[in-house]
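Q: Chains Z and E supply the protein sequences, listed in that same order. The numbering of the first sequence is the UniProt record's numbering, which starts it at 1 and goes up by one. The numbering of the second sequence is the UniProt record's numbering, which starts it at 1 and goes up by one.
Keep in mind that the hints were calculated from the coordinates and are not lab data. Take the hints with a grain of salt, since some may be wrong.
[What the hints assert, rightly or not] Derived contacts from chain Z toward chain E, CB cut-off under 8 Å, selection only:
#	residue
1	Tyr-3
2	Leu-22
3	Tyr-24
4	Cys-161
5	Asp-181
6	Met-196
7	Lys-201
8	Asp-220
9	Asp-223
10	Asp-280
11	Pro-400
12	Tyr-442
13	Leu-450
[Stated by the list, open to error] A short, non-exhaustive set of chain Z residues, derived as facing chain E with CB atoms under 8 Å:
#	residue
14	Val-86
15	Ala-262
16	Asp-322
17	Leu-409
18	His-424
Just so it is clear, CB atoms sit at the ideal spot from N, CA and C, and this is done for glycine as well.
Letter by letter, the chains look like this.
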Amino acid sequence: NPYAGLVSHLRASWISGKTRPLEYRVAQLEALGRFLDDKKEEILEATELDMGKPSFEAFFSEILLCKNELNVTLNNLSNWMKDEHVDKNLVMQLDSAFIRKDPYGVVLIIAPWNYPIHLFLVPLIGAIAAGNCAIIKPSEISKNTERLIAEMLSCYLDNDCFAVVTGGVPETTRLLENKFDYIFFTGSPPVGRIVMTAAAKHLTPVTLELGGKNPCYVSDTCDVTNVARRVAWGRFFNAGQTCIAPDYLLCTIEMQEKLMPALRQAITEFFGPNPRESPDFGRIVSDKQFQRLRALLGSGRVALGGQTDEAERYIAPTVLADVLPSDPAMQEEVFGPILPIVVIANMDEAIDFINARPRPLVVYAFSCDSKIVNQVLERTSSGGFCGNDTLMHVTLTSLPFGGTGNSGLGRYHGKFTFDTFSHHRGCLHRNMGLETLNTPRYPPYTQQKLGLLTSTFEVKRRGTCTLL
Amino acid sequence: MQNMQQIVGRARAAFRSGRSRPLEFRIQQLKALERMVQEKEKEILAALKADLNKSGPNAYSHEILGVLRELILAMEKLPSWAAPQPVKKNLLTMRDEAYIGYEPLGVVLVIGAWNYPFVLVMQPLIGAIAAGNAVVVKPSEVSENTARLVAELLPQYLDKDLYAVVTGGVPETTELLTQRFDHILYTGSSAVGRIVMAAAAKHLTPVTLELGGKSPCYIDKDCDLAVACRRITWGKYMNCGQTCIAPDYILCEPSIQSKVVENIKATLKEFYGEDVKLSPDYGRIVNQRHFKRILGLLEGQKIAVGGEADEASCFIAPTILTDVSPESKVMEEEIFGPVLPIVTVKSVEEAIEFINCREKPLALYVFSNKKQLIRRVIAETSSGGVTANDVIMHSVVPDLPFGGVGHSGMGAYHGKHSFETFSHRRACLVKDLRWEFVNRLRYPPGSMEMVRL
Numbered sequence: 001n002p003y004a005g006l007v008s009h010l011r012a013s014w015i016s017g018k019t020r021p022l023e024y025r026v027a028q029l030e031a032l033g034r035f036l037d038d039k040k041e042e043i044l045e046a047t048e049l050d051m052g053k054p055s056f057e058a059f060f061s062e063i064l065l066c067k068n069e070l071n072v073t074l075n076n077l078s079n080w081m082k083d084e085h086v087d088k089n090l091v092m093q094l095d096s097a098f099i100r101k102d103p104y105g106v107v108l109i110i111a112p113w114n115y116p117i118h119l120f121l122v123p124l125i126g127a128i129a130a131g132n133c134a135i136i137k138p139s140e141i142s143k144n145t146e147r148l149i150a151e152m153l154s155c156y157l158d159n160d161c162f163a164v165v166t167g168g169v170p171e172t173t174r175l176l177e178n179k180f181d182y183i184f185f186t187g188s189p190p191v192g193r194i195v196m197t198a199a200a201k202h203l204t205p206v207t208l209e210l211g212g213k214n215p216c217y218v219s220d221t222c223d224v225t226n227v228a229r230r231v232a233w234g235r236f237f238n239a240g241q242t243c244i245a246p247d248y249l250l251c252t253i254e255m256q257e258k259l260m261p262a263l264r265q266a267i268t269e270f271f272g273p274n275p276r277e278s279p280d281f282g283r284i285v286s287d288k289q290f291q292r293l294r295a296l297l298g299s300g301r302v303a304l305g306g307q308t309d310e311a312e313r314y315i316a317p318t319v320l321a322d323v324l325p326s327d328p329a330m331q332e333e334v335f336g337p338i339l340p341i342v343v344i345a346n347m348d349e350a351i352d353f354i355n356a357r358p359r360p361l362v363v364y365a366f367s368c369d370s371k372i373v374n375q376v377l378e379r380t381s382s383g384g385f386c387g388n389d390t391l392m393h394v395t396l397t398s399l400p401f402g403g404t405g406n407s408g409l410g411r412y413h414g415k416f417t418f419d420t421f422s423h424h425r426g427c428l429h430r431n432m433g434l435e436t437l438n439t440p441r442y443p444p445y446t447q448q449k450l451g452l453l454t455s456t457f458e459v460k461r462r463g464t465c466t467l468l
Numbered sequence: 001m002q003n004m005q006q007i008v009g010r011a012r013a014a015f016r017s018g019r020s021r022p023l024e025f026r027i028q029q030l031k032a033l034e035r036m037v038q039e040k041e042k043e044i045l046a047a048l049k050a051d052l053n054k055s056g057p058n059a060y061s062h063e064i065l066g067v068l069r070e071l072i073l074a075m076e077k078l079p080s081w082a083a084p085q086p087v088k089k090n091l092l093t094m095r096d097e098a099y100i101g102y103e104p105l106g107v108v109l110v111i112g113a114w115n116y117p118f119v120l121v122m123q124p125l126i127g128a129i130a131a132g133n134a135v136v137v138k139p140s141e142v143s144e145n146t147a148r149l150v151a152e153l154l155p156q157y158l159d160k161d162l163y164a165v166v167t168g169g170v171p172e173t174t175e176l177l178t179q180r181f182d183h184i185l186y187t188g189s190s191a192v193g194r195i196v197m198a199a200a201a202k203h204l205t206p207v208t209l210e211l212g213g214k215s216p217c218y219i220d221k222d223c224d225l226a227v228a229c230r231r232i233t234w235g236k237y238m239n240c241g242q243t244c245i246a247p248d249y250i251l252c253e254p255s256i257q258s259k260v261v262e263n264i265k266a267t268l269k270e271f272y273g274e275d276v277k278l279s280p281d282y283g284r285i286v287n288q289r290h291f292k293r294i295l296g297l298l299e300g301q302k303i304a305v306g307g308e309a310d311e312a313s314c315f316i317a318p319t320i321l322t323d324v325s326p327e328s329k330v331m332e333e334e335i336f337g338p339v340l341p342i343v344t345v346k347s348v349e350e351a352i353e354f355i356n357c358r359e360k361p362l363a364l365y366v367f368s369n370k371k372q373l374i375r376r377v378i379a380e381t382s383s384g385g386v387t388a389n390d391v392i393m394h395s396v397v398p399d400l401p402f403g404g405v406g407h408s409g410m411g412a413y414h415g416k417h418s419f420e421t422f423s424h425r426r427a428c429l430v431k432d433l434r435w436e437f438v439n440r441l442r443y444p445p446g447s448m449e450m451v452r453l
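Chain E on its own, in the form it takes in the complex:
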């Protein structure tokens, strides 16, 4: 096992040297990351293919495009993000300097997940570097090819002491979490999120937890079903359903259930061809354990589409379940696979109640031609984020904060929100030593007159 104390100690000493603070240094490191992504594109795509069977253009658009965009945004905006923000003053402070200064926190820990293994360590890393911190990156061991590649590449392009990569599984992560960090950003399950926060509590370390849940998708009968179902199909089955903001299950009225199934079925053919197994664009389940778990959810369910599986290649066909009971196993946990249950509800009120009886999800989706209905669903529910009339897309708007609420997480990042997450906003008031007469109002004695004023 790597010596965690040494690695974190080195990062802390490097941070204390102050070299990560000048904006020029940070931009230089971000430029190096940009070069890394451009020069090693082939290797990154190969690792993603090996880990998740992600095809080239797919992997590029989901994992590399976003990273390049985030890098360019950070390099462009850093001077304005990092500039001290003057604040509104009152009468007593009129002559003074009052502003909010953005300062690095120190040593940040980024723990990645296996489903989008490259972007989920890179995007937080970019924000942490931009904010002037030292960073320890711990990619998921489940996506082992990407983890190995990240461990190889980062030291080739970045300052080796300030930015370190730690590899390993549960024992290594547990050991790492005993060290003191100044912020921890964790992406993964709610169960492990609790463990991370409890470990952070020992050091009073602030955390950003990007967790999960069951993201509901309500389809109103007054909507363009063909378009809605195409968009849902795209978001549900990308990465073989292994997306934290995938629409987990559908809520709709019984009268449109079969039309929904038909439309999704037709779209699946459009996307993946007659034989899904042969499509280079359809992924695989990451490992045997998850394969078995997802297959187990199909027990006792009405399979309207799909259901085929092949253990050897961890293939599960795009599957739709109809008339699913809210009490069934598939409705208990986050599916994280290519299985789409449809639960029928009589009305939007019932859908809202159904959603509110459950833990707050990471994403919430609603499809309708009626603006009022959409406004109502948003207003009467809570979730990390929302996309109406589409899925996934709120996560690509650079200025929207991306994060959960309740069991789906706490804190947010992306773009400027990453910079703020990894910075300390320090209140600064600088006064003059003169003008003492102004202060006499506040000093004792004879202050009872002030009380009566």
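Isolated chain Z (complex conformation):
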């Protein structure tokens, strides 16, 4: 077991208790902030090399959003760490009943390649805030960022408590043989199953941030221009390589026709007449992903875009019209700059279509009629929901971010990350006196004692009189 030494080193640090004081956690979090500030250019450069990530996007997702999470955490950590006192009944008035937030111990964070800094750093913020030690396993696919993280993070964080492990599938498999106290995984559902199965051997709790096909319903009553802009922004951000991107559109044939010129307009507005020359449009991360995406272009008909360049791993912002549910583009998560449109007759059909499929990470619905937006919300199930926009629900740190069913289990962002990496321990600190109050619970058991117990312990329905 090549990682046993590393894990036991971290475990020894954990047992020493050094990660527990607030001051220590704050110091490590502040160091993470300095990492983001000092290495901003390196991060922008590495992500550009990895997937042609536009600087603005990289700044927004890898730096700005991460700093927001850091600041929310630093601003609130001492409150989050406090014991939460809970209501007590009559006999416990002199006792103290509270929920203690305990760290788990040594946690493992496995991050994917598409937002390679954000997707390890935001979980790590919560792990540190909650008082844990952590091993970070960045994705080998975003290899420039992986190298950056492996080389630079150790200059900022306490190396006895935080370590980076690099490598691919074989290394991750060996790493997962070790016992961790929590595993946080972001990636695909098939690998999510493998991670959870490995975790089961050690009874390790997990958070799985997975994916799926995020449907985007556009009703007939809507401002087509604004819809097109918001959908195009969400779809083509990071060249479509976003777990919460609108994966496919559901609309009537009339709306499909109305949307097309609006989408063309939006794409031109964003990326100019030749997106390949725009500094604001990304590239596909690898040859394998490029080939996979190119094969999807045969679905339906190419209404916008469709151009590709293998050498650059460039795929133009593309919209496919009249896509059938049986087409390749509808069999897997697209994860690229291709937007299939599936035509349906009405909202009910759209909702049935969504519900017939695995629960996605997010459901989108666009309509000027708020009743329609609410209907889609109420009649579907998904990790999250965003009405009349795309992606934005994850920028609000007060909203939990996670999937359900095939799209994942658990949630994070803001306080939810801290809670994810904490064990909520129910504690009751009783008084040694007033022993006579305990008499009804002791044997020998009698009906009279039972009556006393019932009256002191039961919850009375409102409107009935309480026995003093």
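Put chain E on the given structure of chain Z with help from the hints.
A: Using the frame of chain Z, we list chain E on its own:
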């Protein structure tokens, strides 16, 4: 064998019909459960007596009172639990609706245990119904009378398709676990917990595992020993030691060991009389297999109190072992019986180290007059839950989450925590299609200025 696919399929179809979603429906089902518990009290108590020799008032207070309380709490609080929770917004979302919606997960599987066979299926069932799910209940086959009764009663009071009972042992449970559920709550051993989680992993099903372990009990020499020992005696020997949060073993300094033994011995007489075997309030071991297992733990030990056993009635007297070696068999596995080992330690530091060398327990107990010492023991250890200066009681505070950590489990339930366990917390952001100018800041091109801002 019942057709698991059919049963789960029916529950899923019933869930999809949407009828379990309105709050009125859920409350109506909970009211029906309340009626069931009140009307069938005699039958429930009889089943518990047959399975575990639990006496009437004892069984009522441990299994029925808690269920009624949980039902009333759920019916009262459901509207507030289920209400969408608005969240703090930022500048960009000021005009929008942002909230967390509580939604049912779908079809929930509840696997019960044999030691508190009624409450351990009922309490999770209540939470799952309150959260709007369909539920498949699998009571333990070891407590067969209660299992049979639950299978008979639930269909008489609840919606038959939404809420189903599956009976059987290992083969039936294994078959059931191949089906897809939207959450599984399992109460039982760590070994089987692994199997349940591995089965759940195939479907990416979230799990709540209420497992066990050896719950340590540290007695500081500065404490009211008589009171401490009375409370410990109560928690240890209730249900004949077959309680997941029973104090499993005692840690104390050698100087107070004999006083601890004396006090517990005196309390045992108070509770069960001169001849424990004749007391209607003292239970029996659930079956021969566990009887033999527990008796085997006594080998080579110094028996200070008890030790008597009667195989025919699965009776094991309340037993205390002294000067127990940390390496002995009785210190390896969860005892789950009326045997209380005392391991001596020189100080609270040694006790803390002893506890931390072992798997995280479900419960941790510490008795002391010194508040500082108690705070220290809590701060320097980890466990599912804690009660200081008493035992068991943290599990009856309705607002405390009840669950384990590490080998003692994952997730929690009871009260509102059940509702949250069985719900999906869905992040909802609803914006307006107007006010597009606000969005221009984020769109390409010309965005490098934003980077420099």
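Q: Each hint should be assessed against the structure and marked as holding or not.
A: Now the hints, each set against the structure:
Proximity of Tyr-3(Z) to chain E is violated relative to the hint, the smallest CB-CB distance being about 20 Å (cut-off 8 Å). For Leu-22(Z), the shortest C-beta to C-beta distance to chain E is roughly 13 Å, which exceeds 8 Å, and the interface hint is violated. At its closest, the beta carbon of Tyr-24(Z) sits 15 Å from a beta carbon of chain E; the interface hint therefore is violated under the 8 Å criterion. Against a cut-off of 8 Å between C-beta atoms, the interface hint on Cys-161(Z) is violated, since the closest Cβ of chain E lies about 17 Å away.
At its closest, the beta carbon of Asp-181(Z) sits 7 Å from a beta carbon of chain E; the interface hint therefore holds under the 8 Å criterion. Against a cut-off of 8 Å between C-beta atoms, the interface hint on Met-196(Z) holds, since the closest Cβ of chain E lies about 4 Å away. This hint holds: Lys-201(Z) has a C-beta 6 Å from the nearest C-beta of chain E, less than the 8 Å allowed. For Asp-220(Z), the interface hint is violated, the least distance from its beta-carbon to any beta-carbon of chain E being 13 Å, above 8 Å.
Annotation: interface hint on Asp-223(Z) holds; nearest CB of chain E at approximately 5 Å, less than 8 Å. About 3 Å separates the beta-carbon of Asp-280(Z) from the nearest beta-carbon of chain E, less than 8 Å, and the hint is met. Given hint, Pro-400(Z) at the interface with chain E, holds; its Cβ is 5 Å from that chain's nearest Cβ, closer than 8 Å. Interface restraint check: Tyr-442(Z) against chain E, minimum CB-CB distance 6 Å, threshold 8 Å, status holds.
The closest approach between the C-beta of Leu-450(Z) and any C-beta of chain E is roughly 4 Å, which is under the 8 Å cut-off, so the hint is satisfied. A least Cβ separation of about 4 Å between Val-86(Z) and chain E falls short of the 8 Å threshold, and the interface hint therefore holds. Because the smallest distance between the Cβ of Ala-262(Z) and any Cβ of chain E comes to about 12 Å, over 8 Å, the interface hint for this residue is violated. Annotation: interface hint on Asp-322(Z) violated; nearest CB of chain E at approximately 25 Å, more than 8 Å.
Hint status for Leu-409(Z) relative to chain E: holds, with the closest Cβ pair at about 4 Å, below 8 Å. Given the 8 Å rule on beta carbons, the hint for His-424(Z) holds: about 5 Å separates it from the nearest Cβ of chain E.
Going through the hint list in order, the structure does not satisfy hints 1, 2, 3, 4, 8, 15, 16.
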